[in-house]
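Residue strings, one per chain:
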Amino acid sequence: MATINVVNVAKRHQFTWYEKFYFYSISKGLWITLKHFLKVAFLKGAVTIEYPEKKRQYSSRFRGLHSLKRDEQNRERCTSCFCCMWICPADAIYIEAGEVTPERQHLHPEDKFAKKFEIDLLRCIFCGLCEEACPKGAIYLDGSGEMAADNRQDLVLTKERMMEKTGSSILGQRN
Amino acid sequence: MVKIKIDGLEYDVNEKKNLIDAAKDVGVDIPYFCYHPALTVVGMCRMCLIEIEGVPKLQAACNTPVKEGLSIITQSDRVKEGRAGTMEFLLANHPLDCPVCDKAGECRLQDNAFGSGSGKSRFEFEKRNIPQEEIGTNLIINHNRCIVCYRCVRFEEEKVGESNLGLFERGYHSIIGLAKNEPINHNYQGALADICPVGALLNHETLFKSRVWWYKTHDSVCHGCSTGCNVHANVRDNKMYRYMVKENFDQEMFFLCDKGRFDLDWMNENRLLSYFENGQESVSNDVFSKLGREWNDANSIAILGGAHETNESLSTIKSLFNSQDKIIWEARVSDPQYKETEQVDFLLTKDYHPNTRGAVDIGITTSTGVNGIIKDFNSKKIDLLFIIKEEIPEGIDSSRMNNVVMMDTNLSNKISKVGYAVPIQIFAEQGGSFTNKNGLKQEFEKGMKPVQGLLSSSEFFQKILDHAKLAKEALVHGNN
Chain F
138 MATINVVNVA KRHQFTWYEK FYFYSISKGL WITLKHFLKV AFLKGAVTIE YPEKKRQYSS
198 RFRGLHSLKR DEQNRERCTS CFCCMWICPA DAIYIEAGEV TPERQHLHPE DKFAKKFEID
258 LLRCIFCGLC EEACPKGAIY LDGSGEMAAD NRQDLVLTKE RMMEKTGSSI LGQRN
Chain V
10 MVKIKIDGLE YDVNEKKNLI DAAKDVGVDI PYFCYHPALT VVGMCRMCLI EIEGVPKLQA
70 ACNTPVKEGL SIITQSDRVK EGRAGTMEFL LANHPLDCPV CDKAGECRLQ DNAFGSGSGK
130 SRFEFEKRNI PQEEIGTNLI INHNRCIVCY RCVRFEEEKV GESNLGLFER GYHSIIGLAK
190 NEPINHNYQG ALADICPVGA LLNHETLFKS RVWWYKTHDS VCHGCSTGCN VHANVRDNKM
250 YRYMVKENFD QEMFFLCDKG RFDLDWMNEN RLLSYFENGQ ESVSNDVFSK LGREWNDANS
310 IAILGGAHET NESLSTIKSL FNSQDKIIWE ARVSDPQYKE TEQVDFLLTK DYHPNTRGAV
370 DIGITTSTGV NGIIKDFNSK KIDLLFIIKE EIPEGIDSSR MNNVVMMDTN LSNKISKVGY
430 AVPIQIFAEQ GGSFTNKNGL KQEFEKGMKP VQGLLSSSEF FQKILDHAKL AKEALVHGNN
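Protein sequences, first through last, are from chains F and V. Quick note on numbering: the first sequence equals residues 138 to 312 in the numbering used here. Quick note on numbering: the second sequence equals residues 10 to 489 in the numbering used here.
So here's chain F without its partners, still in its complex pose (with noise of 0.2 Å):
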């Protein structure tokens, strides 16, 4: 049986004249440096982008920063039921809840309220595992993916920091 598509490798590669001829191969890769220039710079075919100042849309199921949702009537949506407390594999979250008196009653919808709510960003590990367990729908990691901080303080998310300014009917942004 004769073999087929045998490349003999044991001979070097012989040039042509015009590979010999060293311009050839110069002008060759400086094209591609130059169609690049072009289409950059007149084009606008960047796939890079300028990041701080400009950001890309996130997918809707990336996991970034917590938010604390509220309801239609702008309450907050957590009760304080401590099923995100006890479901966090990394035992970031801290909550401690309070009793509702009737003076802040109209800022929620249960007797029930997390006082403090805590989550520690240096122990999550945003598996999003409390989305899931809340029964609520009050928590969602639909922030973004930037929270570099010089200390620890700033690391530890408030319910301050995480509670949303409006409410809406929407259960989160997740599908």
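Treat the hints with care, as some may be off.
[Stated by the list, open to error] Here are the simulated EDC-like cross-link-like pairs (lysine to aspartate or glutamate), alpha carbons at most 20 Å apart as the crow flies:
(1) V:Lys299 x V:Glu482
(2) V:Lys136 x F:Asp248
(3) V:Lys14 x V:Glu62
(4) V:Lys129 x V:Glu90
(5) V:Lys248 x V:Glu278
(6) V:Lys136 x F:Glu247
(7) V:Lys189 x V:Glu171
(8) F:Lys273 x V:Asp106
(9) V:Lys458 x V:Glu351
(10) F:Lys296 x F:Asp279
(11) V:Lys248 x F:Asp228
(12) V:Lys218 x F:Asp228
(13) V:Lys218 x F:Asp279
(14) V:Lys455 x V:Asp272
(15) V:Lys472 x V:Glu303
(16) V:Lys455 x V:Glu482
(17) V:Lys218 x F:Asp248
(18) V:Lys268 x V:Glu171
(19) V:Lys12 x V:Asp34
(20) V:Lys218 x F:Glu236
(21) V:Lys218 x F:Glu255
(22) F:Lys252 x V:Asp106
(23) V:Lys248 x F:Glu233
(24) V:Lys426 x F:Glu255
(25) V:Lys268 x V:Glu351
(26) V:Lys225 x F:Asp228
(27) V:Lys426 x V:Glu438
(28) F:Lys296 x F:Glu255
(29) F:Lys252 x V:Glu214
(30) F:Lys148 x F:Asp228
[As the list claims (entries may be wrong)] Not close to chain F: a few residues of chain V, all C-beta gaps over 10 Å, as computed:
(31) Glu19
(32) Thr73
(33) Trp223
(34) Gly381
(35) Leu420
Honestly, the hints are just simulated from the structure, not real lab data. Note that CB positions come from ideal geometry on N, CA and C, so glycine has one too.
For chain F, the structure is supplied; the task is to place chain V on it using the hints.
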């Protein structure tokens, strides 16, 4: 024992028991809300519906007497439909706020809705909404969650002997309320919240502190008084959170008073964890070597207290002292311990020590009692006085306070008064048994982990004896 037929199978059951309990004994669960083994039967919730052979309509199991030849069916489609219907009615006005409710996790309504409910409701109107009320010094009622099972009213009337709670209005408007103008302030508000099968009655003191499923449960005995009620001790993160009743049919223990139930903070907070000498913090080594020398020098040593200790701990300490005849030990320090048991109410006794009887049974008594010891101590017949987790008895001369060694579990102003204060473990960190007022010896489990290095009282005495021996040997060698 009589023979009855449940779902076609014949069982031997105790005819003195209620049908629900009798069936439970042989492994047949009948769901219920209003039935309670220690209270009268009213048959108000209609959850325990069963078919009885020969009776055309569904009957309530709690109201059916157990008799020879009774044949019941607990699992037929008719029974299931009846129970699902009851469940749907009970849930018609229920707010379904389990995430907020403290009862969630141990709620009968949850259990029975899963077990017998249909899973959907046809009630499409707005649910009844009555604001929450404070009805006791430590009790709130959430009317929306109430299923009108009448347990709280019956308990108050039959066990506590007060009838402040009552059922008002009728039918749809039925509401549990106060008959008198004053709030409930008896010793059984925790028990009221406990027997409530749903989250309608709740205690202020434990409100929103934790969730039920976080607790690790240990079988234990209440430390509050000499009755020794059986409890489930709920521990979370090595902190004692609450006591729940452990039903004991043999001893007819079904309730717990507030005195024992809510007296738990001392186990978690304000604990004595370092050694003190003359009111100043010291080191255990210094304290032990000094105590060892004082032990040798003393001609007579007295120990007061021990009724908070377990039987095991007491007998260990007693066996340590077998070879030492200079020790007298009196466990009874308060008047009620010397008398016959006196009840404050149907559970609580006047003796707030859990193990007085155990200490007496082991023989930790003296003929002169605590007053004799104090007299001898003041007149310097006794050189060293140990007090095990008791108040400093009245009548001790302030000049003799330097010779008092206080073994305690909690920080207090007593520490600055006495010569030495040493930390010891609490009963829940040891496990063992208490003997209650009737001489019943009840075992309990170790529920909490002691802080590392914290000694139990028996280990403490062992260590003192070791140090005393060392000091004696050093003296002998020094003389040679």
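Here is how each hint holds up against the structure:
no., hint, result
1, V:Lys299 x V:Glu482, "15 Å, holds"
2, V:Lys136 x F:Asp248, "17 Å, holds"
3, V:Lys14 x V:Glu62, "10 Å, holds"
4, V:Lys129 x V:Glu90, "13 Å, holds"
5, V:Lys248 x V:Glu278, "9 Å, holds"
6, V:Lys136 x F:Glu247, "15 Å, holds"
7, V:Lys189 x V:Glu171, "11 Å, holds"
8, F:Lys273 x V:Asp106, "10 Å, holds"
9, V:Lys458 x V:Glu351, "34 Å, violated"
10, F:Lys296 x F:Asp279, "15 Å, holds"
11, V:Lys248 x F:Asp228, "18 Å, holds"
12, V:Lys218 x F:Asp228, "18 Å, holds"
13, V:Lys218 x F:Asp279, "30 Å, violated"
14, V:Lys455 x V:Asp272, "18 Å, holds"
15, V:Lys472 x V:Glu303, "14 Å, holds"
16, V:Lys455 x V:Glu482, "37 Å, violated"
17, V:Lys218 x F:Asp248, "14 Å, holds"
18, V:Lys268 x V:Glu171, "18 Å, holds"
19, V:Lys12 x V:Asp34, "13 Å, holds"
20, V:Lys218 x F:Glu236, "10 Å, holds"
21, V:Lys218 x F:Glu255, "17 Å, holds"
22, F:Lys252 x V:Asp106, "19 Å, holds"
23, V:Lys248 x F:Glu233, "16 Å, holds"
24, V:Lys426 x F:Glu255, "44 Å, violated"
25, V:Lys268 x V:Glu351, "16 Å, holds"
26, V:Lys225 x F:Asp228, "18 Å, holds"
27, V:Lys426 x V:Glu438, "27 Å, violated"
28, F:Lys296 x F:Glu255, "6 Å, holds"
29, F:Lys252 x V:Glu214, "17 Å, holds"
30, F:Lys148 x F:Asp228, "65 Å, violated"
31, Glu19, "45 Å, holds"
32, Thr73, "39 Å, holds"
33, Trp223, "7 Å, violated"
34, Gly381, "52 Å, holds"
35, Leu420, "25 Å, holds"
When the structure is compared with the earlier hints, violations turn up for hints 9, 13, 16, 24, 27, 30, 33 and for no others.
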